[in-house]
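Please arrange chain B on chain A, whose structure you already have, making use of the hints.
Protein chains in written order, with the numbering used here: chain A, 1 to 294; chain B, 295 to 565.
These aren't lab readings, by the way, just hints derived from the structure by calculation. Small disclaimer: the values here were computed from a predicted structure and weren't measured. Ideal Cβ placement from N, Cα and C applies to all residues, glycine included. Relax, there's no trap hidden among the hints.
Okay, the calculated beta carbon distance ranges per label pair:
id : chain 1 : residue 1 : chain 2 : residue 2 : range
1  : B       : 544       : A       : 91        : 32 to 38 Å
2  : B       : 400       : A       : 90        : 36 to 42 Å
3  : A       : 84        : B       : 349       : 19 to 25 Å
4  : A       : 289       : B       : 393       : 54 to 60 Å
5  : A       : 140       : B       : 463       : 51 to 57 Å
6  : A       : 162       : B       : 431       : 49 to 55 Å
7  : B       : 486       : A       : 91        : 45 to 51 Å
The following residues of chain A were derived to be distant from chain B, with all beta-carbon distances above 12 Å:
id : residue
8  : 64
9  : 245
10 : 249
Take a look at the letters that make up each chain.
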Amino acid sequence: MGRDVTIGARPDGALAGAGIGLRAPHVADVITTRPHVAWLEVHAENYMGGGAARHALTRIRADYPIALHGVGLSLGGADDLDAGHLRRLRRLVDEIQPVLVSEHLAWSVAGGSYLNHLLPLPYTEESLDVVCAHVTRAQEVLGRYLLMENPSAYLRFEHSPIPEPDFLGEIARRTGCGLLCDVNNIHVSAHNLGFDPVAYIDALPAGAIGEIHLAGHSANDADGQTVLIDDHGSRVAPEVWRLYAHAIAAFGGRPTLVEWDTDIPALDVLLDEARHAERVASHACRGAASALAR
Amino acid sequence: MRAGGLPLRSLGDLQDLVRRALLGGPAQGVVSLIAADGIAPEARLDIYRHHVVASLTAALETTYPVVCRLIDRRFFTYAADAFIRSHPPTGPCLFEYGAELAGFLADFPPCRHLEYLPDMARLEWALNVAAHADDAAPISPSALESVAPARVGELRFAFDPSLSLLRSAWPIDRIWRANQAEVGAEPIVNLRAGGVCLEIRRRDDVVGFHELTEADYTLRRALLDDERLDTAAEAARGVDPALDLAGLLGALLQDNVLVGFSLAPGPAAPA
Chain A
1 MGRDVTIGAR PDGALAGAGI GLRAPHVADV ITTRPHVAWL EVHAENYMGG
51 GAARHALTRI RADYPIALHG VGLSLGGADD LDAGHLRRLR RLVDEIQPVL
101 VSEHLAWSVA GGSYLNHLLP LPYTEESLDV VCAHVTRAQE VLGRYLLMEN
151 PSAYLRFEHS PIPEPDFLGE IARRTGCGLL CDVNNIHVSA HNLGFDPVAY
201 IDALPAGAIG EIHLAGHSAN DADGQTVLID DHGSRVAPEV WRLYAHAIAA
251 FGGRPTLVEW DTDIPALDVL LDEARHAERV ASHACRGAAS ALAR
Chain B
295 MRAGGLPLRS LGDLQDLVRR ALLGGPAQGV VSLIAADGIA PEARLDIYRH
345 HVVASLTAAL ETTYPVVCRL IDRRFFTYAA DAFIRSHPPT GPCLFEYGAE
395 LAGFLADFPP CRHLEYLPDM ARLEWALNVA AHADDAAPIS PSALESVAPA
445 RVGELRFAFD PSLSLLRSAW PIDRIWRANQ AEVGAEPIVN LRAGGVCLEI
495 RRRDDVVGFH ELTEADYTLR RALLDDERLD TAAEAARGVD PALDLAGLLG
545 ALLQDNVLVG FSLAPGPAAP A
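So here's chain A without its partners, still in its complex pose (with noise of 0.2 Å):
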């Protein structure tokens, strides 16, 4: 890595409080009404383009932080990064100055074919290598850290031998890049998946986490069995909270953002997402300094 990388993954960074992720029904309303939030994230290739969604991003920058998390790199992919796509990215950077940048431990490209959605890695040395690659080489093009979000499953391989916070600490200290934990993710994997979701926290490098997420989940039926589904679709659960209260004891204050993508209520629902997100993350701090000093 060269000397000018800026560190946007540190805990200490410029971000303090709770942002929310910005998505088309919203960017009107959030440029005539300009609501009190700490940062805003939005989704890098959204606004990859021209036109109307990236002049309203534009206009946006100058008021809020902004947060760029990418869904389309496919750092965990066996093939050739898409270099086409990474300067995309890195032009986007350049333009919109984010405060953040994040990505996957997953993979969504194959054979050229994209097929969007974050899917699982077997947690191997093979792919261990193959990641740590990827995300040397897109933080060499974007001349900064990137953040890696752990993902939601509804699968493990049979041969994936290295747990899923391991591998994460092991991509932190081969690459540099910071983490950023999603504690919804962390609450449905482990459901479907049957590990215990504290304990996996517990495991993470807290050094390395330079941002939570937070969201909604439902849950389904499969081969008659519940499995928890990631959709970003409704509040956060109480479960969620208390994990989230968890992580903020074990890691201290982070960023934190609240996403919301199917059906996307008024921005208020989610402005009062955000404040609530303060109000556990404080809580959590205060009670972890008692602790502290009993």
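Only chain B this time, still in chain A's reference frame:
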């Protein structure tokens, strides 16, 4: 060898198997690699398969709302499923997904009788391109003053990347308008009302289309296809010998659709 006796797969092989299974191919090879954990591996894989198809269908519906309305959402979902399998996206920007839908619908047996449908898909694709195309600054009318009059015929132009031209044998502009949400009582469009030439583009962030005369369409089509101005003018005169070429060129410049020009050498126009 794994404990189960199956060979270890490389990551690339595994991802290729998953890709095929998610796009409707055989799933056995993947299923045997998935831990059951109380839920059948097939059911676990189905969750991903459902999301891939449902999310891409939603992306296509966003780009093609009128096509969806014309053939009913259930049939659109059926057609989209077949389209996604044969034409999965090649990149992660979903506003760039679905360019081939018009050609697909033209060859899709269940809707061959809807002859205007592929052209409606072409119109909606052009509107989508117009909405998301990169921004480009138009040349000023005075920019051409430096071109020697004797060489004006050699000019080639670069167009606003948001612009598309579309000629249809059907009144697709009227069909499109009749299928907008804000239209109350749906007007009846006479399919035999004749065809139309359209220019689709974005202007000040607003996407729209307007009708062109056949001659104007021919001129702009030729220029968009990188023909020289004299060749394009000749083609337009072939459509309308009495056309006001100076007027059409003036309009081209005033419309802010030209973003560059060149005098690069190329085959001369026929005398």
